[in-house]
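With the hints as a guide, dock the two chains, each given alone in a separate frame, to form the complex.
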Amino acid sequence: MSKDILIKKGLDIKLKGEAEKTLEKAILSNFYTLRPEDFHGLTPKLISKVGSKVNAGDPVFYDKSNENVKFVTPVSGEVIEINRGEKRKILSVKIQADKIQTFKNYGVVNPDTASAEAIKGRLLESGCWAFIKQRPYDVIANPNKSPKSIFVSGYATAPLAADLDFTLKGKESELQAAVIALGKLTAGNVHVGIGKSSNSPLAGLKGVAIHSISGPHPSGNVGTLINRIDPVNKGEVVWTVNAQDLVIIGELLLTGKFNAERIVALVGSSIEKPRYFVTKIGSEVATIIYDKGVPQDANVRIISGNVLSGKHIKPDGYLDYYSNVITVIPEGDDYELFGWTKPVFNKISNSRALTFSWLNPKKEYELDTNTNGEHRAFVTTGNYEEVFPLDIYPMQILKACMYKDLDEMEALGMYEVAPEDFALTEFICVSKQPHQDIIRKGLDLMLKEIG
Amino acid sequence: MSLKSNLHSLKEKYKGTKMAPAFNALHTFLYTPNDTTHNGTHIKSADDLKRTMNTVIMAMIPCLIFGMFNAGYQHNLAVGDIQAVTSGFFSSEFWTLDNFMIGFWKIIPLVIVSYGVGLGVEFLFAVIKNHEVEEGYLVTGMLVPLIVPIDIPLWMLAVAVIFGVVIGKEVFGGTGMNILNPALTIRAFLFFAYPTWMSGDKVWVEGAVQRTNDIAAGANLDAISGETILGSLAQGKEMAYSVSDMFYGFIPGSIGETSTLLIILGGLFLIFTKIGSWRIMLSSALGAIVMGLIFNQVVSAGIITESSKFYTLMSTPFWQHLILGGFAFGVVFMATDPVTASQTNKGKWYYGFLIGFISILIRIFNPAYPEGVMLAILLMNVFAPTIDHYVIQGNIKQRLKRLKVKTA
Chain A
160 MSKDILIKKG
170 LDIKLKGEAE
180 KTLEKAILSN
190 FYTLRPEDFH
200 GLTPKLISKV
210 GSKVNAGDPV
220 FYDKSNENVK
230 FVTPVSGEVI
240 EINRGEKRKI
250 LSVKIQADKI
260 QTFKNYGVVN
270 PDTASAEAIK
280 GRLLESGCWA
290 FIKQRPYDVI
300 ANPNKSPKSI
310 FVSGYATAPL
320 AADLDFTLKG
330 KESELQAAVI
340 ALGKLTAGNV
350 HVGIGKSSNS
360 PLAGLKGVAI
370 HSISGPHPSG
380 NVGTLINRID
390 PVNKGEVVWT
400 VNAQDLVIIG
410 ELLLTGKFNA
420 ERIVALVGSS
430 IEKPRYFVTK
440 IGSEVATIIY
450 DKGVPQDANV
460 RIISGNVLSG
470 KHIKPDGYLD
480 YYSNVITVIP
490 EGDDYELFGW
500 TKPVFNKISN
510 SRALTFSWLN
520 PKKEYELDTN
530 TNGEHRAFVT
540 TGNYEEVFPL
550 DIYPMQILKA
560 CMYKDLDEME
570 ALGMYEVAPE
580 DFALTEFICV
590 SKQPHQDIIR
600 KGLDLMLKEI
610 G
Chain B
1121 MSLKSNLHSL
1131 KEKYKGTKMA
1141 PAFNALHTFL
1151 YTPNDTTHNG
1161 THIKSADDLK
1171 RTMNTVIMAM
1181 IPCLIFGMFN
1191 AGYQHNLAVG
1201 DIQAVTSGFF
1211 SSEFWTLDNF
1221 MIGFWKIIPL
1231 VIVSYGVGLG
1241 VEFLFAVIKN
1251 HEVEEGYLVT
1261 GMLVPLIVPI
1271 DIPLWMLAVA
1281 VIFGVVIGKE
1291 VFGGTGMNIL
1301 NPALTIRAFL
1311 FFAYPTWMSG
1321 DKVWVEGAVQ
1331 RTNDIAAGAN
1341 LDAISGETIL
1351 GSLAQGKEMA
1361 YSVSDMFYGF
1371 IPGSIGETST
1381 LLIILGGLFL
1391 IFTKIGSWRI
1401 MLSSALGAIV
1411 MGLIFNQVVS
1421 AGIITESSKF
1431 YTLMSTPFWQ
1441 HLILGGFAFG
1451 VVFMATDPVT
1461 ASQTNKGKWY
1471 YGFLIGFISI
1481 LIRIFNPAYP
1491 EGVMLAILLM
1501 NVFAPTIDHY
1511 VIQGNIKQRL
1521 KRLKVKTA
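Residue numbers (our numbering), protein chains in the order written: chain A, 160 to 610; chain B, 1121 to 1528.
Isolated chain B (complex conformation) (with noise of 0.2 Å):
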């Protein structure tokens, strides 16, 4: 008997056990059902959830790849192993093997760890439920990685994970159901939950952490520093770091979020794709391009000046706000989360303009988290409800007023 039978026969020993969704769950990954249509359409589209899941994992894998060159590159030039880097996106001191390596091995933990505690929790709350599991997590769980900085330990990860599936998601109902993103709800989780550990300027680099014990146990070595520009910047002090670093991601931050350049390209695989909203990612630049104007009006203007805390955050140019810290990778990978999201075409121009907006506005006004876009989009998962109640309304008093033209 070939493979495909011998799990057609599984399939039906387990149908209607508790263990039903646990088996479909990975017999549907190896194959897609022998389901045939029923009352309603005959035929169906090809694209089912599991392949507009895939096509957002497909997006974000070169940041992750980057990612992982970046890890060993920062540790390594922290450390003063190489020179920076010099000549544009493919220097050869970055795309080094020995880079990547230690990314990897970094890194890969941190993905299984992801997806392991994250399905497990999917698998559990599948059998107990007795639904389906849905592939809301496949995002989710590439998603987490990618936003947490490189030294952060598994345990924390792991907790973050449980929190954010069971209260983020699963609480609701599920995929579909939820009104927070699951991966920005696990990184609030961590950023309020271990404050001391997620900022600051120890967590970003590779070893850091490691060589501040070392040093507090005695051993005579440089402390490694790699804050984020956001951070430092925060704190006032001048930009370290040149553009066109910070556009192809040559910098410290969040393991896939430094790259502009790459998350832009997966943006626009999205766009194509048709699987990513470009309202909501236009939208938020716009947001964040006017709200940035504003403060720098506000300095140049003269109203805030050199002696304010926010000034240097203020004064940075409003389009550098765009290529800082996670803004560009919160926009184009969790803004547009359509189950978070508003819902309506109109309501997506709002939602991701008020993104924008607020990001910046957190960012200038919150030096504890200066990653506005975080909270950003996490307030607005809690209005986008409100937001397409409105956008309806709209829709409903049309009707209602045709209604009255012709009673009148």
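The shape of chain A in the complex, shown without the other chains (with noise of 0.2 Å):
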């Protein structure tokens, strides 16, 4: 039940600084923070205090809503300090890490004779429950519901997005481990999308539903996939997981360790020698930008995720949990003279309003932080459908979570969205509106509302 995917509408954002395809192993940090932030609409429960001794693996803390997803710490070492903010809502919880690492051990699973009950217990104990996410509302995914199917994409075609090819390579085991293992959950198919002229690790796992697609940005997003192959409907629900965390899964199963270890690039155009490093989910960023990276006083936007949509974060910040890439760009905060009207050639556009970037599709930019004009009311039509693939209205569901009008997101196609499908009408806005944020909070209203 494979089928080949064109993508035609998009925009492919070549920038400046893709990593090397060199690995090196990162320093070890000695911190390592779990932010509850990290999981969208979480809210907390601790199980450890300052001062407990932990496992890799053991849990930290649990969702209030549901007592068995369970959140683990990525490696042993001792819960040194837990950050609160308003209302004693829990912001960090920071743990020191030991020299030597030991592991909680959850015990083998074979994926291939183990019962779906048991596969879920697992994953829910063991903390690698928290990277199946879940559409609608683009939240972990709630282990009450049965989806009736999972997606996954292997295909990464954001900027400067790490190479999934060269990220996971020689993963195949735990992979093939990690796909049987989250067919037991569905009753429908694991869907892997793989890029057509790639050299996919993922092209030969068994027991899944292939996908081969080409076409630009975003056609590497899961909802582009999931759009295409069988979108969400009311009611219904879908999961994802990201290819890199397939490995984790995957590995907790075949030897019953939680290892967090990641495989991230590091990228742009700040970045004197761009390169992926192994580290851990949570450690120090610290660890990896200084050394050919950025000078210590550059005035650079340190990001935990791609240019799109990751997150911005500070020098002494963490790589978050779904993250594996980290972008360093310059910032953009100064003025320019005429900046409206002059002709330009070092930025990208989608019009040709004395804008050149259409002259030359190859050349790669070095794009900052600025925003290139003011907020504005919507006003231009037709551009975002440009490179908006899905089959909805971009504009008008922006519009309708503007005005909170329940009834119209949800006819207009809120179930199947996620704040990154909108990450490129947000990229290409002439009025600049935060398209991703009005979609987020969207969803936050329907998932109080309606659930």
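Calculated from the structure, these hints are not laboratory results. Some hints here could point you the wrong way.
[Unchecked claim] Calculated Cβ distances over 12 Å to all of chain B for the following chain A residues: (1) K162; (2) K212; (3) N242; (4) L250; (5) K470; (6) N509.
[As the list claims (entries may be wrong)] Estimated spans, in silico, between C-beta atoms of each pair: (7) A/D550 <-> B/V1286: 36 to 42 Å; (8) B/R1522 <-> A/Y449: 32 to 38 Å; (9) B/F1149 <-> A/Q260: 43 to 49 Å; (10) B/Q1518 <-> A/K501: 40 to 46 Å.
[Unchecked claim] Straight-line distance between alpha carbons at most 20 Å, and here's what the computed PhoX-like set of lysine-lysine pairs gives: (11) B/K1521 <-> A/K307; (12) B/K1517 <-> A/K393; (13) B/K1124 <-> A/K393; (14) B/K1124 <-> A/K501; (15) A/K263 <-> A/K253.
No experiment lies behind these values; they were computed from the predicted model shown. We put the CB at the ideal spot given by N, CA and C, even for glycine.
Structure follows, in structure tokens:
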């Protein structure tokens, strides 16, 4: 049941600073941080206290609304700080790592023979459930609802994304174990998208539907894959898992250990030598960004994730739970004389209004964080559709979110979308509207009102 | 300190005060702001609303320059100082400094009044309501001088601009929220508030009104008459101009609307830059052609005979409607206004087609206002949300159907 998917609408944003395909082991970080905000909508309940000794894979907190969903520490060591914000909201849990790592042993599960219940139970207790997200709402999957199918995108098309063909190489057995296990949790298929001309380690997986994808970004977004193969209707649920997280799930099943190791690409035009690192979830980014990276006092933006949907973090910040790329680009907090009227050669645009990026589609650009204009009401029409491949009216659904009409949001397809699907429309938006933020707030409202 | 840092400290000083929007509007004209992205994409494309609007203005500049030459040419031709053009678009009778200067001194005040009054109102609203000055008026302010007759009094223009900006736009919440195209609201106001000025044969040629007054005062001069072609056709007169004159634009009419050639070039520029909607432009032309063909058929079928007052306009070959009057200008520069047009790609086809269709209908059946395109666009502005509604319902139904197939 596999088919080729050709995406025509979209935009490839080519930026300078793509990672060279060399792998380095990052300096081991002394401190690791888990931030509940990485798990959108989560209200955490603490299990560990300050001073608790933990093994890698021990639960640190759980989901208040579903206490089976546990969140575990990526390393063994001691919980040294619990940072709280307003109303005692937990902002982060900081763990000092031991010199010698010890793992909690969850025991081996053979995905071929284990029952769905056993697999689900193991994923929940071992913290691997956090890697499974659901649509609608783009939050961690509700374990009480069975998905109609599960989607994995093995094709990274976002600007400067880590090349999954490279980062997943040699992990075939873990990937296979993970998809077999996930396949037992759904009545439908596990759909895996791979690049058409790629040499993906996912291509040889058994028991899944492989789809080869071609076309510009967002063809590699999992939302695009869902929309083309099995769109979410009202009352239905699909799950999505990042390809790199399948490795962690697979390793847990095969060895019983929660190994938070992940290959991360350090990219961006501000990085001297962009390359890949082996590091762990939650580690300090300072351990990788300075060595042949950025100068200490550079005016740069560090992003955990890609430039379209990643999180802005400080130099002393941490790799978030889902990202496999750290992007560093220059800050753009400067004025530009007649920037609105002079011909532009060094920035990307999908118009041709004295912007010349259409002349040279192969060129790699060095973009900064300037907004290139002020926030305005929605004015232009038709341009979002050029980069938005889903069969949804992007501007209309954004407006529905802004005036909070739940019926209209539902009718226009809100169950199908995640904020990242609106990253490109946000990028090209002439009115500089925060599309992803609008969608996120809309989804939150629906989750609260409809559930 | 450099200009940049001086302005930056001024901006910080005005921050949060009532004057901030006014200062920012001027500041951002000189410098794109130092705003950086937060919560969302970390990079943004190069286009902003100012660039978009500026592109539309650039597309109109040739029409404005041509309008200046044409104003002088029509005047000099009417008073008998020069001969009519003979050798195509680059005729030497037309492109003279004398022609240009007459038009220049007549049209620049219109531009200044249009921008001065319009932006004044915009700034006022921005300061009162404490929002940024949006760029919509940049285009409106350039459109307005191009769609009025040359001899319009400046006070009349000022009154109309105030009406158009306040009623046409600001009461809805400013740029992006309005239902009617502000420039057309201004023109419609002029036409219905001052009908004796805005129609007839006196305002389309520079000096014609003055001459009429002089004659009335007893001067021994020939009257200047400068009717638009549509006006004369509506009265059943013969076409006085050749097709090439109409296409090149050597005819009386509103300042910027006469040269179909330059309007097409402007339209192609807008399509190329992806600022203007080719869907609307193409479908409007199709709509006009279809309506024109229908009327041509009615005439050739003998239903309408020469005795009818509609005969002259109905029997005008269908393709000539495209180069007559303000049709081309309206379709290229005003029907495509993204705020008031249909917002869905499919809707744009219906919207444009109906504009073309209704334009020709009004043109033929309404001899008092033979310029149908203005009313057609305003009418379709009102219906654009309805068109979009049905287009979007199609998408919604498809989604529901998908669900039904599943559950059945």
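Mind listing which of the numbered hints don't hold for this structure, in increasing order?
5, 6, 8, 9, 13
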